[in-house]
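K.L.:
Take a look at the letters that make up each chain.
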Amino acid sequence: MNRAHYRYFLVFTLPALAVYVVFAALPLVNSIWYSLYDTDSGVARFVGLENYVYLFTNPTTSERFWNALTNNLEFFAIHLVVEVPLGLLLAALLTSGRLRRSTGLYRTLLFIPTTLSVVIVGFVWRLIINPLWGLVDFPLLGDERTALPTISLMSVWQYVGIPMIFLYAALLAVPNDVLEAARVEGSGAWSTFWRVKFPLIAPQFGLIAILTYIWTFNGFDLVFALNGSAPGPNYSTDILGTLFYRTFFGSSGQLSDLDLGATVASVIFLIILVVTAAYFGLLHRRLRSYEL
Amino acid sequence: MRINRDRAGSLVTHALLIFFALLAVAPILVIVVNSFKTTPGIFGQPFALPNAETFSLGGYERVFTRGQFVTNYGNSLIVTVGATVATLVLATLAAFALTEYKVRFAPLVGGFFVLGIMLPIRLGTVPIIKTMISWQLMDTLVALVLVYTAMSLPLAIALLMTYFKAVPAAVKEAARIDGAGELRTLSITLPMVRPGLAAVASVTMLPIWNDLWFPLILAPSKENQTVTLGVQQFVGQFLNDYPALLGALTLGAVPLIVLFVVFSRQFIQGLSAGIGK
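If you read the sequences in order, they're chains A and B. In this text, residue positions in the first sequence follow the working numbering: the first is 1, and each later residue adds one. In this text, residue positions in the second sequence follow the working numbering: the first is 1001, and each later residue adds one.
According to the in silico footprint, chain A covers these stretches of chain B (three or more CB under 8 Å from chain A):
| hint | region |
| --- | --- |
| 1 | 1009-1020 |
| 2 | 1026-1033 |
| 3 | 1118-1129 |
| 4 | 1139-1152 |
| 5 | 1198-1211 |
| 6 | 1241-1252 |
| 7 | 1260-1270 |
To give a feel for the contact side, a few chain A residues facing chain B, derived at Cβ under 10 Å:
| hint | residue |
| --- | --- |
| 8 | Val19 |
| 9 | Tyr20 |
| 10 | Val21 |
| 11 | Leu93 |
| 12 | Thr114 |
| 13 | Val119 |
| 14 | Val121 |
| 15 | Ala169 |
| 16 | Ala189 |
| 17 | Phe217 |
| 18 | Phe224 |
| 19 | Ala225 |
| 20 | Gly241 |
Bear in mind the hints are in silico, worked out from the structure with no lab data behind them. Small disclaimer: the values here were computed from a predicted structure and weren't measured. In this text, a Cβ means the ideal position worked out from N, Cα and C, and glycines have one as well.
Construct the complete structure from the given sequences, taking the supplied hints into account.
P.N.:
Structural data, given as structure tokens:
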């Protein structure tokens, strides 16, 4: 019986495991492996950390890398500071108990931007803030200081539905008798939210923050859709995803370089991995201390 | 007094939600409404509905005659449906096995899959390109189906496991006593996890349809472009033909919006149950 279990387990998981390993897990590991080789001459030659040394010491590549990293941090920070509180506000409004049948309608409408492709998001916002239409006089996307915050806010507009849904689900899970008890004690909607509901959904914020971190450091689509693979003005909207794409794919004025591409990918992977691992390590330790 | 305060509060709640809902939907409406206008109509009164003078279907005509919209649509359908079906089949088998057979390394395999929810698969692009080249799958829709299936499996498996765990053991035991094999037993439980399958299908489809990265890299040629990439290139080529551009954007977005509005409950359930936990 037990032996049969092993056989069934293998047969049933193997197809999924094969596709997942070959096209997702292994490529990530292999990226690191490739970053240690030089294949420019057609033959793979092991070069150790030479690609990394090149990336960080060559003046052009290192300037581009640090620029993209700083921009990416700003891209992430804007998401965290604007998108999460806005998502919380929307979730709180949806679960305030003041709506009846309209909840579903609002929820669906508010989530629609998340279902759009970035091509549409980029285009519609470029059209709306186009000085020609007169809504905004200032060339927001044409100025080095405002271009990145503008793109970040477009992205916030598109994805605010995600933290909203997570927090909405968490708020719905708050037990009714807890809310009833608060009401009996004469607690108003405002203080019930902050003193009863908020502490109960607080653990969600850590998860949302880490997911936002992963997604923004993996970002590419909106910047590419708006500004192409050498995102201007003067690389002021270049983030790690576009830098990665440009490195392995090439663009005008830059040759395609697969080894250096793998190197950039490995560095981004490390940046994501370290923070994610630290977060879950910390969380795990805290959960363990609760159990004790 | 109390009732008055409640009514005021509910008014404020509605007002705020209407404001944000408009903020979410109005830009899309601007695109859709203007796609039915002439170029002077678009720039003369961008926020007005089309009237007898500005109404025109010329944009849509040019989208169909000058772009490859039909091909693009077909490609997106093949890739999205193909990857979604593959994900559903493979994830169902795996999730059933992971919850049903208590073998020693089951938690390890399960954890390995769940890890993928957070993994940024795109960073493996360089090795994926090399694999596709050596398998002669470069610039094919098959390459996209394979990568998207791999990308979607972790969340699908995590989601389906929560549904399979809720199936009573008695159902499966009864099936086995009746002489059903394991595959038959699995198929008997399928109707009970149907909401899970719907949730998986809806969260799987959306990111695939909208993805720009992999179509750009793995299937960039004209005959293999998906709608998202096709529209992106169209935007570059027809910079001055705004009616056609807006028509193309509308055609690219509408199917997914309709699909989402119909399946929004399953989608939201899938998203919050799969990642939020």
